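Undergrad: Going line by line, the protein sequences match chains A and B. Just so we're aligned, residue 1 is where the first sequence starts under this note's numbering, counting upward by one. Just so we're aligned, residue 276 is where the second sequence starts under this note's numbering, counting upward by one.
Worth flagging that the hints you see were computed from the coordinates, not collected in a lab. Warning: the hint list may mix true and false statements.
Claimed, not checked - Simulated pairs of lysine to aspartate or glutamate, EDC-like, Cα-Cα distance not exceeding 20 Å:
| # | chain 1 | residue 1 | chain 2 | residue 2 |
| --- | --- | --- | --- | --- |
| 1 | B | LYS325 | B | ASP311 |
| 2 | A | LYS134 | B | GLU455 |
| 3 | A | LYS268 | B | GLU455 |
| 4 | A | LYS134 | B | GLU320 |
| 5 | B | LYS338 | B | GLU320 |
| 6 | B | LYS375 | B | GLU455 |
| 7 | A | LYS106 | A | GLU65 |
| 8 | A | LYS223 | A | GLU40 |
| 9 | B | LYS532 | A | ASP220 |
| 10 | B | LYS325 | B | GLU335 |
| 11 | B | LYS478 | B | GLU460 |
| 12 | B | LYS466 | B | GLU455 |
As the list claims (entries may be wrong) - On the chain B side, residues computed to face chain A include the following (Cβ under 8 Å):
| # | residue |
| --- | --- |
| 13 | ILE293 |
| 14 | CYS297 |
| 15 | PRO300 |
| 16 | SER313 |
| 17 | PHE378 |
| 18 | ILE381 |
| 19 | ILE387 |
| 20 | SER540 |
| 21 | ALA543 |
| 22 | VAL545 |
Every value quoted in this text rests on a predicted model; they were computed, and no experiment measured them. Glycine residues also receive a C-beta, built at the ideal position from the N, C-alpha and C atoms.
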Amino acid sequence: MKIGRKISVGGVVSFIFLTVFAVIFLFPMIWMFLTAFRTELDLNVNGTSYVPRPWSLEGFQRAWEGAPLLTWAGNSIAMTAIITVSVLFTSTLIGFVFARYRFRMKKVLFMIILATMMVPGQILMIPRFIMIQKVGLYNTLGAVIIPNLVSIYNIYLCKVNIENLPESLFDAARLDGAGNFQMYRHVVIPNILPTVGTIGCFTALSAWNNYMDPLIYLNDIEKMTFPLALSTFSGQHSVTISATMAVVLMNVVPMIIVFLVFQRYFIKGINIVRR
Amino acid sequence: MKSSKFVLGVLVPGMGLILLFCIIPLIYGLGISFCDYSVYRTSQEFAGLKNYMKLLENAELVKKIVGNTFKYSIVTVLGNFILSLTIAQMIVRMQSNALKTIFRVIFFLPCIAPTVGTAMIWKTGLLSTNGGVFNNILEYFGVAVQNWLGSTTLLMNVIILFTLWMDIGFNIVIFSAALENIPQELVEASKVDGAGAWYQFFKIRLPLMGRTFSFVCVTTMLSYFQAFTQFKILSKTGGANYSATVLPYYIYMESFKNNNMGYASAIAMVSFVLIMIITLIQLYLLRIDWSYE
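So that you can see chain A by itself, here it is in the shape it has in the complex (with noise of 0.2 Å):
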């Protein structure tokens, strides 16, 4: 029995390691944090320092000025929202039908899901696109989203989640007379929280942080989202360091507040997840 906490000469040379290994690993978002609130001029003039004299916010003015910022959030948020939700329904519906139904053409159908997941982005990408511009969405905010309505990899997850409840939970949902839809929202739904939980969050990671899709789909500046704004606001000529750190900082503390918050979702189901 180990009374009180054995502090082990490993265990103390290892916190240090974490530490500098950690502050190195915060330094980059550090630096970007501290040259938000920089003024041009004392990054011009005090070029080795890192810290603002005097903070100042001038970069968010300038961003402010100089870019439709509150049309990318919104972007950003409409397309991270309708993808979100609509991946937590489509994956958990799918995932229970395959799971909890016959029907015939069951496993034909479920080895076409699992073919299709190993495929990569990458092949997918020309005739996704030469079918977006076909059909009139080239350059809208539906092109981003349409495709990423359903995915494939938490739609399997889902069905191997609701496979391993036990019988007895739908046995006792039926006897009550529950229907379909009743037994998923009622069933279903509440005995695979932490897996919703961690779909929703990855899910919405991916979609905040989507570049590719935003890159090959859309090209007016208003149309854009936050990733792909920043990197074409950032290749302007007149645009300043602390603008550019700016909006680089109103692009990532939003999702590490949402980290934050639901930081067990996304660390206890991380090894669920497939990058």
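Following the hints, position chain B against chain A.
TA: Chain B only, in chain A's frame:
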């Protein structure tokens, strides 16, 4: 009867979307690779194996790009595993749960932030030739400053370093959870038998997290093989003389910048085959008998 309605109601739209955005594009993509495709024309010409022949004509370049992709993926995966296992092992050693959480959160932060944003931070903050932190450090130690993003030799290494920074948090969290789930008795027993730290790690802990390890191996390798954003932001044009061009970036450039969609589709098909082969080899190699489980 009611059930079948429900099943249909879910499957028809669901499978419809999958068909539309996964299966049809796959077949369509294969078709495009046999066409002389141009977005400026309305009807496309069948070109037979022309695009694949072009790949052979460009063998030198294609070899270089495939080589770059492998170099990048393998070096980054190895670096990732060494660093994330070391750090995970250290995190597990922390006695308080609060400390464990704090460290996990810190190392995970770069994974949360958009890659475009963090790549931009590296580009303007760390790697810039005009007051970048890397050069400031070199100057401090009296070493010649470097043009990190402009040099043919450095660019790839810098992108590898960036990828490690932005991505190891993922595996740190997975590995530290797996290490924690190892039954303590086994570790204690090996200690009693006089096992050193290294022996313990390689012979006890690592085999015990076998399944996690093989899963992570495959997914990490696959994600690096498809890395795009960091190359787009940090390398701009793929490095001088294609020194930092990898397959995804090459496909993107050929299809969307040079309007060679047919040729790009052929490259995409080749890289699809490569990805399949890698996955199968890895799955085969990793089917080691993790007999403790």
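Undergrad: Does each hint fit the structure? Answer for all of them.
TA: Do the hints match the structure? See the list:
1. For the suggested pair LYS325(B) and ASP311(B), the alpha carbons sit about 8 Å apart, so the restraint of at most 20 Å is met.
2. Distance hint between LYS134(A) and GLU455(B) is unfulfilled; the C-alpha atoms sit about 52 Å from each other, more than 20 Å.
3. In summary, the hint linking LYS268(A) to GLU455(B) is supported, as the alpha carbons are separated by about 13 Å, within the 20 Å threshold.
4. In summary, the hint linking LYS134(A) to GLU320(B) is supported, as the alpha carbons are separated by about 17 Å, within the 20 Å threshold.
5. For the proposed pair LYS338(B) and GLU320(B), the alpha carbon gap of about 28 Å is over 20 Å, so the pair is violated.
6. Note on LYS375(B) and GLU455(B): the hinted pairing holds, with a Cα-Cα distance of about 11 Å set against a maximum of 20 Å.
7. Between LYS106(A) and GLU65(A) the CA atoms are separated by roughly 56 Å; this puts the pair beyond 20 Å, and the hint is violated.
8. Among the hinted pairs, LYS223(A) with GLU40(A) is inconsistent with the structure: their alpha-carbon atoms are about 29 Å apart, more than 20 Å.
9. Of the pairs offered as hints, the one joining LYS532(B) and ASP220(A) holds, with about 17 Å between alpha carbons and a cut-off of 20 Å not exceeded.
10. Simply put, LYS325(B) and GLU335(B) have alpha-carbon atoms about 17 Å apart, close enough for the 20 Å limit, and the pair holds.
11. Note on LYS478(B) and GLU460(B): the hinted pairing holds, with a Cα-Cα distance of about 15 Å set against a maximum of 20 Å.
12. Only pairs whose Cα atoms come within 20 Å are accepted, and LYS466(B) paired with GLU455(B) is accepted, the gap being roughly 17 Å.
13. Hint status for ILE293(B): holds, given a least beta-carbon distance of 6 Å to chain A, under 8 Å.
14. A distance limit of 8 Å between C-beta atoms decides the matter here; for CYS297(B) the minimum to chain A is near 4 Å, and the interface restraint holds.
15. Here the hint on PRO300(B) is kept, as its CB sits about 4 Å from the closest CB of chain A, short of 8 Å.
16. A hinted interface residue such as SER313(B) counts as satisfied when its beta carbon comes closer than 8 Å to some beta carbon of chain A; here the least separation is about 11 Å, so the hint is violated.
17. Hint status for PHE378(B): holds, given a least beta-carbon distance of 5 Å to chain A, under 8 Å.
18. For ILE381(B), the interface hint holds, since its Cβ comes within 8 Å of a Cβ in chain A; the closest pair sits about 5 Å apart.
19. Given the 8 Å rule on beta carbons, the hint for ILE387(B) holds: about 5 Å separates it from the nearest Cβ of chain A.
20. Interface hint at SER540(B): satisfied, since its Cβ lies 5 Å from the closest Cβ of chain A, which is below the 8 Å cut-off.
21. Taking 8 Å as the C-beta cut-off, the interface hint given for ALA543(B) holds, the closest approach to chain A being about 5 Å.
22. Against a cut-off of 8 Å between C-beta atoms, the interface hint on VAL545(B) is violated, since the closest Cβ of chain A lies about 10 Å away.
In summary, the numbered hints that this structure violates are 2, 5, 7, 8, 16, 22.
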